[in-house]
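Enquirer: Line order of the protein sequences matches chains L and S. Residue numbering for the first sequence is 1 to 387, as defined by this note's numbering. Residue numbering for the second sequence is 1 to 126, as defined by this note's numbering.
It is possible that some hints are incorrect.
Which bits of chain S does chain L cover? Going by a derived footprint, with three or more residues having C-beta under 8 angstroms, they are [as the list claims (entries may be wrong)]:
#: 1; segment: 14-20
#: 2; segment: 35-41
#: 3; segment: 79-90
Label pairs and their in silico Cβ distance ranges [to be verified]:
#: 4; chain 1: L; residue 1: Pro133; chain 2: S; residue 2: Arg8; range: 31 to 39 angstroms
#: 5; chain 1: S; residue 1: Glu32; chain 2: L; residue 2: Asn380; range: 13 to 21 angstroms
#: 6; chain 1: L; residue 1: Thr194; chain 2: S; residue 2: Arg8; range: 54 to 62 angstroms
#: 7; chain 1: S; residue 1: Ala3; chain 2: L; residue 2: Arg345; range: 26 to 34 angstroms
#: 8; chain 1: L; residue 1: Arg379; chain 2: S; residue 2: Ala3; range: 51 to 59 angstroms
#: 9; chain 1: S; residue 1: Gly87; chain 2: L; residue 2: Asp129; range: 47 to 55 angstroms
Think of the hints as simulated: they come from the structure by calculation, not from any bench. Glycine included, each C-beta is placed from N, C-alpha and C at the ideal position.
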Amino acid sequence: MPGDADLIYLDYAATTPLDPAVAARMQSVQSRAYFNPSSNHIAGRRSAAVVQNAAEQVGALLSVDPASLVWTSGATEANNLAIMGTAKQREHRGRHFVTMRTEHKAVVDVFRQLEKQGFEVTWLLPDADGQLPHERFEAALRDDTQLASIMHINNETGAVQDIAKLGVICKERGVLFHVDAAQSVGKVTIDLTTVPVDLLSLTAHKFYGPKGIGALYVAKGTPLIPQMFGGGQQRRIRPGTLAVDLIAGLGEAALVAAASIDEDLRHLTAERNRLLQGIRDIDGLQVNGPLHGGYPGILNVFVADIEGESLLLALEPLCVATGSACNSQSQEPSYVLRALGRSDREAQSAIRFSLGRNTSSEDIERAVVVYRNAVEKLRNLAPERVA
Amino acid sequence: MSADPYNRTVRAYFADTEHRGDVRDGAVGYFEDQGMRIRLSAEVKGGMITRLAFRAWACPHVIAAAEAVCRQFEGRSASELEQFASGQIMQDLAVPVEKTGRILALEDTVRSLGQAVLDRLSTTQD
Numbered sequence: 001m002p003g004d005a006d007l008i009y010l011d012y013a014a015t016t017p018l019d020p021a022v023a024a025r026m027q028s029v030q031s032r033a034y035f036n037p038s039s040n041h042i043a044g045r046r047s048a049a050v051v052q053n054a055a056e057q058v059g060a061l062l063s064v065d066p067a068s069l070v071w072t073s074g075a076t077e078a079n080n081l082a083i084m085g086t087a088k089q090r091e092h093r094g095r096h097f098v099t100m101r102t103e104h105k106a107v108v109d110v111f112r113q114l115e116k117q118g119f120e121v122t123w124l125l126p127d128a129d130g131q132l133p134h135e136r137f138e139a140a141l142r143d144d145t146q147l148a149s150i151m152h153i154n155n156e157t158g159a160v161q162d163i164a165k166l167g168v169i170c171k172e173r174g175v176l177f178h179v180d181a182a183q184s185v186g187k188v189t190i191d192l193t194t195v196p197v198d199l200l201s202l203t204a205h206k207f208y209g210p211k212g213i214g215a216l217y218v219a220k221g222t223p224l225i226p227q228m229f230g231g232g233q234q235r236r237i238r239p240g241t242l243a244v245d246l247i248a249g250l251g252e253a254a255l256v257a258a259a260s261i262d263e264d265l266r267h268l269t270a271e272r273n274r275l276l277q278g279i280r281d282i283d284g285l286q287v288n289g290p291l292h293g294g295y296p297g298i299l300n301v302f303v304a305d306i307e308g309e310s311l312l313l314a315l316e317p318l319c320v321a322t323g324s325a326c327n328s329q330s331q332e333p334s335y336v337l338r339a340l341g342r343s344d345r346e347a348q349s350a351i352r353f354s355l356g357r358n359t360s361s362e363d364i365e366r367a368v369v370v371y372r373n374a375v376e377k378l379r380n381l382a383p384e385r386v387a
Numbered sequence: 001m002s003a004d005p006y007n008r009t010v011r012a013y014f015a016d017t018e019h020r021g022d023v024r025d026g027a028v029g030y031f032e033d034q035g036m037r038i039r040l041s042a043e044v045k046g047g048m049i050t051r052l053a054f055r056a057w058a059c060p061h062v063i064a065a066a067e068a069v070c071r072q073f074e075g076r077s078a079s080e081l082e083q084f085a086s087g088q089i090m091q092d093l094a095v096p097v098e099k100t101g102r103i104l105a106l107e108d109t110v111r112s113l114g115q116a117v118l119d120r121l122s123t124t125q126d
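Could you put the whole structure together from the sequences, leaning on the hints where they help?
Expert: So this is what it looks like as structure tokens:
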């Protein structure tokens, strides 16, 4: 296996490195404010102040009241809390939900669980580029629809849904609107004073914060019942001792992001264009998701008739994601790419490049060479089909 | 967390497929199923395998196994192809049990190549 120095890391949609300012902030909190913020003494109050400061930092990033944030272990828990926490609270309205087939597993599996409990879910398909037409969304809403859950930026394709428009539709129809924003918070500007969202999930490690901490934004008045029990923390909505250092890291990551989103987007757009320019003349190459208008940190491509597992090995030392859960146990193609109309073979050969703040032009130039060589190698290796 | 699914031999053979290609006008064994395609071809002189080559659309373990077969059988008697059993290669390449079917498919392909070689030899002798 290649050593760390040789790695070309283009898997920022999976996770990001800690920003140095975040690491420094966490280290400081770990040594000076490690106390239990629920403790009713001066040291506990010091930690409580750290938590409050982080809430203000995250609140500022989203333009929301810091008191509207519930700390969670990440976006998966936030999604569970949002969907499960409202499902049984609003049964008087109905037992119907709306979501998309291209959602992350952290949403898909929650709705699958609700289906097992007798709730009904409408699974919407996007267009071929991953976008959900708002007319299709509106047509799926019913009088008994409790909640719609739509992800903001798709983690596989970079498709961006118009959550402002979808939120307005939900508000008009009295439907709660949840957004899985794991891939968008800290990466694009989200102003919740202008976007009518009731619940929004985020996680720190997707935008240069620590793993193991996230949050759920809960708009004032949104009914939510806890999914965990065992203490009075966070107004009993999500009990448990708060991880002060992780929360401080999330807050710091939000602060850094607020100052760098515009520059990040400029940088990512330039490097994504460099990457696409470098590989687009490969015979048979196609883009999964939007060619224009998507999140510039993600480029998902495939070349027909390339075996996915071998492609991944041939791409080393490039660290990217494949379009399949391809390992020795499973070759299940990506359900997201299947929902875009791709065949199993096409999905299996897909590669998701995801770029980040630290991605250099040299990284991209090396990635282009590695990808081109890998495709050429595997094409030269493959036999002609025998009819 | 996932450990490296490929051992050193798989990585070495996958990186250096020196037997990639075709033997022109050679005997051929071909298989297509289970999400893979594999083509083996051989040149035989005086009952001995003088050259083996392969092409594969398959996972790294199968590609490495095909390369291993080519390295193993060049210079040996053509009749040995029909006797090929994949157990040793499975062990050498640490092929995961889930991929046993694919390696057995390669085994069948090697044997069918052996049959094709023998058919060709018998035709020549006639």
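Enquirer: So, for every hint listed, does it hold in this structure?
Expert: Consistency of the hints with the structure:
1. 14-20: holds (count 3)
2. 35-41: holds (count 5)
3. 79-90: With 0 residues closer than 8 angstroms to chain L, the segment 79-90 of chain S misses the three-residue bar; violated.
4. L:Pro133 <-> S:Arg8: 31 to 39 angstroms: The hinted range 31 to 39 angstroms is violated for Pro133 (chain L) and Arg8 (chain S), with Cβ atoms some 51 angstroms apart.
5. S:Glu32 <-> L:Asn380: 13 to 21 angstroms: holds (18 angstroms)
6. L:Thr194 <-> S:Arg8: 54 to 62 angstroms: holds (57 angstroms)
7. S:Ala3 <-> L:Arg345: 26 to 34 angstroms: holds (27 angstroms)
8. L:Arg379 <-> S:Ala3: 51 to 59 angstroms: violated (29 angstroms)
9. S:Gly87 <-> L:Asp129: 47 to 55 angstroms: holds (49 angstroms)
Checked against the numbered hints given earlier, this structure breaks hints 3, 4, 8; the rest are met.
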